[in-house]
Amino acid sequence: MLDSNAVNSAISQSYKHGFVTAIPSDTIPTGLDEGVIRLISAKKREPEFMLAWRLAAYRHWQGMTEPRWSSVRYPTIDYQNISYYSSPLTNNPDSIDLKDVDPKLLATYEKLGIPLSERLSLAGVAVDAVFDSVSVATTHKKKLAKLGIVFCSMSEAVREHSALVQRFLGSVVPPGDNFFAALNASVFSDGSFCYIPPGVRCPMELSTYFRINAAGTGQFERTLIIADKNSYVSYLEGCTAPQRDRHQLHAAVVELIAMEGAEIKYSTVQNWYPGDAEGNGGIYNFVTKRGECRGDRSRISWTQVETGSAITWKYPSVILRGEGSVGRFHSVALTNNHQQADTGTKMIHIGHNTRSTILSKGISAGFGHNAYRGLVKVLAGAQGARNHSQCDSLLLGNTCSAHTYPYIEVKNKTSKVEHEATTSRISEEQLFYCQQRGLSREQAVSLIVNGFCQEVLRELPMEFSVEARKLLEVNLEGSVG
Amino acid sequence: MNTPVTLYRDLFTELEKSLPGYDSLPLRGLRQEGMQHFMDKGFPSQRLENWKYTPVKAISQKIYHINNHACQGLDPSDLLPYLIAPLGVYRLVFVNGWFSQTLSDLHDLPDGVRVESMAKLVKEAPDMLEPYLKNKKSGSDQGFTHLNDALWSDGAYIHLSPGTRLERPLHLFFLTATSKKSMMTLPRNIVVAGADSHAWIVESFASLGHFPHMTNAHSTIVLHDHAHVHHLLHLGENHSAQHVGTVESTQKGDSRLDSQLFSFGGERTRQEIHVQLAGEQAECSLDGLFIGNGRQHMDFHTSIHHTHANTRSQQLYKGILAGHAHGVFNGIITVPPHVHHTQSNQLSTNLLLSDTAEIDTKPQLEINSDAVQCSHGATVGSLDPEALFYLQSRGLDASTARNLLIQGFAEELLQRITPKLVQNWIEKHFNKGEYHHES
Numbered sequence: 000m001l002d003s004n005a006v007n008s009a010i011s012q013s014y015k016h017g018f019v020t021a022i023p024s025d026t027i028p029t030g031l032d033e034g035v036i037r038l039i040s041a042k043k044r045e046p047e048f049m050l051a052w053r054l055a056a057y058r059h060w061q062g063m064t065e066p067r068w069s070s071v072r073y074p075t076i077d078y079q080n081i082s083y084y085s086s087p088l089t090n091n092p093d094s095i096d097l098k099d100v101d102p103k104l105l106a107t108y109e110k111l112g113i114p115l116s117e118r119l120s121l122a123g124v125a126v127d128a129v130f131d132s133v134s135v136a137t138t139h140k141k142k143l144a145k146l147g148i149v150f151c152s153m154s155e156a157v158r159e160h161s162a163l164v165q166r167f168l169g170s171v172v173p174p175g176d177n178f179f180a181a182l183n184a185s186v187f188s189d190g191s192f193c194y195i196p197p198g199v200r201c202p203m204e205l206s207t208y209f210r211i212n213a214a215g216t217g218q219f220e221r222t223l224i225i226a227d228k229n230s231y232v233s234y235l236e237g238c239t240a241p242q243r244d245r246h247q248l249h250a251a252v253v254e255l256i257a258m259e260g261a262e263i264k265y266s267t268v269q270n271w272y273p274g275d276a277e278g279n280g281g282i283y284n285f286v287t288k289r290g291e292c293r294g295d296r297s298r299i300s301w302t303q304v305e306t307g308s309a310i311t312w313k314y315p316s317v318i319l320r321g322e323g324s325v326g327r328f329h330s331v332a333l334t335n336n337h338q339q340a341d342t343g344t345k346m347i348h349i350g351h352n353t354r355s356t357i358l359s360k361g362i363s364a365g366f367g368h369n370a371y372r373g374l375v376k377v378l379a380g381a382q383g384a385r386n387h388s389q390c391d392s393l394l395l396g397n398t399c400s401a402h403t404y405p406y407i408e409v410k411n412k413t414s415k416v417e418h419e420a421t422t423s424r425i426s427e428e429q430l431f432y433c434q435q436r437g438l439s440r441e442q443a444v445s446l447i448v449n450g451f452c453q454e455v456l457r458e459l460p461m462e463f464s465v466e467a468r469k470l471l472e473v474n475l476e477g478s479v480g
Numbered sequence: 000m001n002t003p004v005t006l007y008r009d010l011f012t013e014l015e016k017s018l019p020g021y022d023s024l025p026l027r028g029l030r031q032e033g034m035q036h037f038m039d040k041g042f043p044s045q046r047l048e049n050w051k052y053t054p055v056k057a058i059s060q061k062i063y064h065i066n067n068h069a070c071q072g073l074d075p076s077d078l079l080p081y082l083i084a085p086l087g088v089y090r091l092v093f094v095n096g097w098f099s100q101t102l103s104d105l106h107d108l109p110d111g112v113r114v115e116s117m118a119k120l121v122k123e124a125p126d127m128l129e130p131y132l133k134n135k136k137s138g139s140d141q142g143f144t145h146l147n148d149a150l151w152s153d154g155a156y157i158h159l160s161p162g163t164r165l166e167r168p169l170h171l172f173f174l175t176a177t178s179k180k181s182m183m184t185l186p187r188n189i190v191v192a193g194a195d196s197h198a199w200i201v202e203s204f205a206s207l208g209h210f211p212h213m214t215n216a217h218s219t220i221v222l223h224d225h226a227h228v229h230h231l232l233h234l235g236e237n238h239s240a241q242h243v244g245t246v247e248s249t250q251k252g253d254s255r256l257d258s259q260l261f262s263f264g265g266e267r268t269r270q271e272i273h274v275q276l277a278g279e280q281a282e283c284s285l286d287g288l289f290i291g292n293g294r295q296h297m298d299f300h301t302s303i304h305h306t307h308a309n310t311r312s313q314q315l316y317k318g319i320l321a322g323h324a325h326g327v328f329n330g331i332i333t334v335p336p337h338v339h340h341t342q343s344n345q346l347s348t349n350l351l352l353s354d355t356a357e358i359d360t361k362p363q364l365e366i367n368s369d370a371v372q373c374s375h376g377a378t379v380g381s382l383d384p385e386a387l388f389y390l391q392s393r394g395l396d397a398s399t400a401r402n403l404l405i406q407g408f409a410e411e412l413l414q415r416i417t418p419k420l421v422q423n424w425i426e427k428h429f430n431k432g433e434y435h436h437e438s
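Listed in order, the protein sequences are those of chains Z and U. The opening position of the first sequence corresponds to residue 0 in numbering that gives the first Met the number 0, with each subsequent residue numbered one higher. The opening position of the second sequence corresponds to residue 0 in numbering that gives the first Met the number 0, with each subsequent residue numbered one higher.
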């Protein structure tokens with residue numbers, strides 16, 4: 000149990016990742032045209048197929064209009080006023096050895112609590128650190144390579160493992176999938192790539208850490224994870240950005256592919272800068288995340304803790320194609336101050352006996368707006384499909400809102416689909432009970448919120464779970480009353 | 000270009016002078032306004048979120064003619080199969096959209112209760128109706144409502160003075176005598192329940208013959224303080240009929256609305272029920288039971304807007320779908336900021352009886368206030384094989400066991416119907432339901 004001082008100090012520290020690293024960077028001028036895409040591709044020394052792929056996506060994107068159907072509200076984004084590539088100048092793209100990485104960068108990650116040097120790094124976590132548009136370091140590569148696991152930055156994968164990339168990239172989220180995915184496909188700068196060979200159980204957690212540092216840039220990373228037959232991988236994603244008063248766009252794409260008998264666990268603790276209490280600045284987090292259970296008995300699970308970003312707009316989904324495949328979605332979304340979130344999932348049941356579980360916890364405080372939007376679709380051929388969804392919303396204060404939009408489409412009579420949802424606030428009785436036992440009001444709220452999220456938090460790997468709990472406390476600043 | 004929209008405009012120009020209320024300038028204005036909105040927005044498109052699952056083209060592309068006089072020559076005995084009971088019920092009958100005096104029965108109406116044909120009333124007291132006819136909504140999803148605003152023919156006007164009670168149910172019966180010439184009927188009803196009044200109102204729709212026809216109905220219900228209205232809607236038109244209907248209800252403090260919907264007929268049916276709980280302690284309960292078979296499409300949209308504190312709502316919609324039927328339930332509960340102590344719950348449960356039936360259900364919550372208790376749920380499943388096995392092991396044959404389980408699924412809603420007279424009548428329709436013939 001934290002004492003009251005700990006809560007108060009946590010509350011007063013607000014966004015602790017808001018610092019800027021003063022590092023010279025190679026940032027290309029703002030604007031987007033074919034030239035910019037050619038420039039990005041050239042800077043990354045990509046093979047011809049990649050450039051063609053990007054250009055095709057760009058041409059498709061030009062014909063698309065920005066979607067407006069969600070419940071989030073934001074001013075029009077000027078896509079010509081964003082710089083699509085920024086790289087710390089001192090970083091040598093070929094540097095694999097940590098000795099070559101700028102000490103300032105290492106210090107940045109140290110400060111964020113993500114030590115990159117192998118000696119210090121958490122035992123059992125391999126990290127790929129992405130700074131603005133490029134990956135600065137990937138740890139534990141040699142150890143993983145011995146098992147045949149490929150874990151590297153996307154740019155490296157495009158050059159070194161082009162056959163794999165060519166085969167799988169865009170096969171779950173096609174370049175023209177949606178407006179932001181198409182934008183990402185044309186300008187994506189880096190991200191992580193991971194391939195687990197058949198029968199291998201990845202011995203450590205793999206992790207990507209995203210950091211936006213430069214001002215006026217957008218981050219467009221692309222992550223691709225392939226788990227071949229009967230393999231297993233657990234993957235963590237974390238993100239932070241400096242405090243700035245202008246909104247920055249983050250439009251990432253994550254694709255997961257699970258072959259026969261494989262399992263992928265993908266966990267996110269999203270802590271982008273949420274903007275200040277008046278709603279100025281902060282990251283627009285418009286992300287497309289989708290996994291495909293391609294093989295029989297494969298499993299994909301998404302666990303997310305969304306505490307940051309001015310706007311979170313994403314639906315990590317699972318396409319359950321393989322027979323007996325399983326999709327899971329666990330989410331905690333917290334919106335405070337003027338944050339907005341429109342998040343949820345899609346579970347598409349195609350194969351026989353496919354199962355999915357959705358557990359979503361939304362917490363709104365201040366002027367926060369939290370919407371759960373989810374789709375469960377059972378196609379006619381999905382015999383014996385099973386889904387259970389639960390989405391609960393907790394309201395703290397009378398200026399916030401919680402909306403729930405579940406879509407359930409069932410075309411198969413042997414399937415069973417259940418959905419339940421509740422919306423309520425912390426009752427005075429609960430608070431009274433805790434306070435009467437000697438807890439302060441803040442502690443009581445924190446305890447109740449933690450209990451509310453418990454089922455989701457315990458799905459996270461241990462280190463992340465601790466971080467997530469702390470984040471929830473910090474982000475509830477000022478909402479207790 | 001002759002699109003359905005321009006054809007309806009031409010029809011409107013042709014019929015306008017003969018439609019009720021033409022002599023009253025404000026009412027004429029309302030019709031013209033409705034037509035203007037309809038011209039601007041046209042029929043809703045499936046791209047609209049609210050119409051996503053409705054095959055709206057199939058409903059709107061066909062051109063229907065509109066009858067401007069009642070159908071003569073029906074004998075009261077023709078109605079017998081459709082009536083709740085020959086006696087003990089007040090009855091207003093509308094044939095092809097127009098009131099029929101001879102078929103109706105309003106004997107012994109208590110003092111203080113006024114029940115009239117709208118077409119008749121607009122001639123006598125147009126000013127009284129104007130506020131209720133004014134449609135506050137306009138938008139691209141309101142095409143059918145605007146068409147009704149412009150072209151409505153007749154319907155019931157029911158006014159309960161404060162403190163009055165209607166002891167017997169009031170049956171509003173809309174019958175379409177179909178012919179090769181497909182017809183659209185556009186009924187418009189207004190129910191005003193004064194303070195402390197109480198009434199049972201049954202609205203039912205049926206067709207004579209099997210030719211295609213279309214109904215585009217609109218009812219407005221206003222409940223004043225402490226009023227209590229039971230509103231039962233029975234949709235039982237033939238299997239080539241299209242039905243689009245809207246019920247708009249506004250409730251003042253301490254009032255209660257019990258809305259029950261039973262949908263068994265029609266080829267494509269879409270019913271919307273919108274409730275505003277606009278007074279403290281107002282309460283509503285919306286129930287629905289729909290059974291679809293063959294290629295039937297059944298589409299139900301409810302919205303409950305809690306504009307005042309301490310209001311309560313509950314909803315239970317059950318669907319039974321066999322054959323290639325397609326069911327849709329879309330319910331939304333809204334609580335605006337600073338509205339406290341509301342309670343709402345919403346449940347949609349569905350039974351799929353065939354591999355080709357489909358259900359799309361979407362129970363939604365939009366909560367902008369923290370002092371609420373809200374829950375919703377949805378389930379989709381089939382008959383439990385173990386329950387079927389159990390019943391068969393006790394000596395019931397497969398189809399009896401199946402029917403028993405289906406009956407059990409629907410029972411909860413059938414039990415809630417009052418009075419007994421109406422309950423028996425709905426049960427009779429339910430037992431005729433076509434899910435029985437499914438193997």
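Hints may be right or wrong, so weigh each one.
[Unchecked claim] Okay, derived cross-link-like pairs now, DSS-like style, lysine-lysine, Cα gap no bigger than 30 Å in a straight line:
| hint | chain 1 | residue 1 | chain 2 | residue 2 |
| --- | --- | --- | --- | --- |
| 1 | Z | Lys345 | U | Lys431 |
| 2 | U | Lys419 | Z | Lys415 |
| 3 | Z | Lys345 | U | Lys51 |
| 4 | U | Lys431 | Z | Lys415 |
[Claimed, not checked] Just some of the chain U residues that point at chain Z, by a computed CB distance under 10 Å:
| hint | residue |
| --- | --- |
| 5 | Phe11 |
| 6 | Glu48 |
| 7 | His339 |
| 8 | Leu352 |
| 9 | Glu357 |
| 10 | Asp359 |
| 11 | Ser374 |
| 12 | Gly380 |
Keep in mind the hints are simulated off the structure, nothing from the lab. We treat Cβ as the ideally placed atom computed from N, Cα and C, and that holds for glycine.
Satisfaction of the His339/U interface hint, Cβ to chain Z closer than 10 Å:
With a closest approach of 8 Å, the His339/U hint holds.
request  = Return the status of the interface hint for Asp359/U: holds when the least beta-carbon distance to chain Z is below 10 Å, violated otherwise.
outcome  = With a closest approach of 5 Å, the Asp359/U hint holds.
Would you check whether Gly380/U satisfies its interface hint, that is, whether its CB is within less than 10 Å of any CB in chain Z?
Interface hint status for Gly380/U: holds (5 Å vs cutoff 10 Å).
Agreement of hint Ser374/U with chain Z interface, Cβ distance less than 10 Å:
Hint holds; Ser374/U Cβ to chain Z Cβ min 4 Å, cut 10 Å.
Would you settle whether the hint for Glu48/U is holds or violated, based on the nearest Cβ-Cβ distance to chain Z being less than 10 Å?
7 Å, holds
*asked:* Checking one constraint from the list: CA of Lys345/Z to CA of Lys51/U, max 30 Å. Satisfied?
replied: Distance of about 17 Å is within 30 Å: holds.
Next on the checklist: Can you confirm whether the C-alpha distance between Lys419/U and Lys415/Z stays at or below 30 Å?
Outcome noted: 35 Å, violated
| chain Z contact restraint for Glu357/U - C-beta distance below 10 Å | 5 Å, holds
| message | Given Leu352/U as an interface hint, is its Cβ closer than 10 Å to any Cβ of chain Z? | response | 6 Å, holds
Practice task
Take the C-alpha atoms of Lys431/U and Lys415/Z, compute the straight-line distance between them, and say whether it is at most 30 Å.
Solution key: Distance of about 27 Å is within 30 Å: holds.
- Report holds or violated for the interface hint on Phe11/U, using the least CB-CB distance to chain Z and a cut-off of 10 Å. It is violated, given that the least Cβ distance between Phe11/U and chain Z is near 33 Å, above 10 Å.
Query raised in the report: Taking only the CA atoms, is the gap from Lys345/Z to Lys431/U under or equal to 30 Å?
Result: Violated, because 39 Å separates the two Cα atoms, which is more than 30 Å.
Taken one by one, the earlier hints fail for this structure at numbers 1, 2, 5, listed in ascending order.
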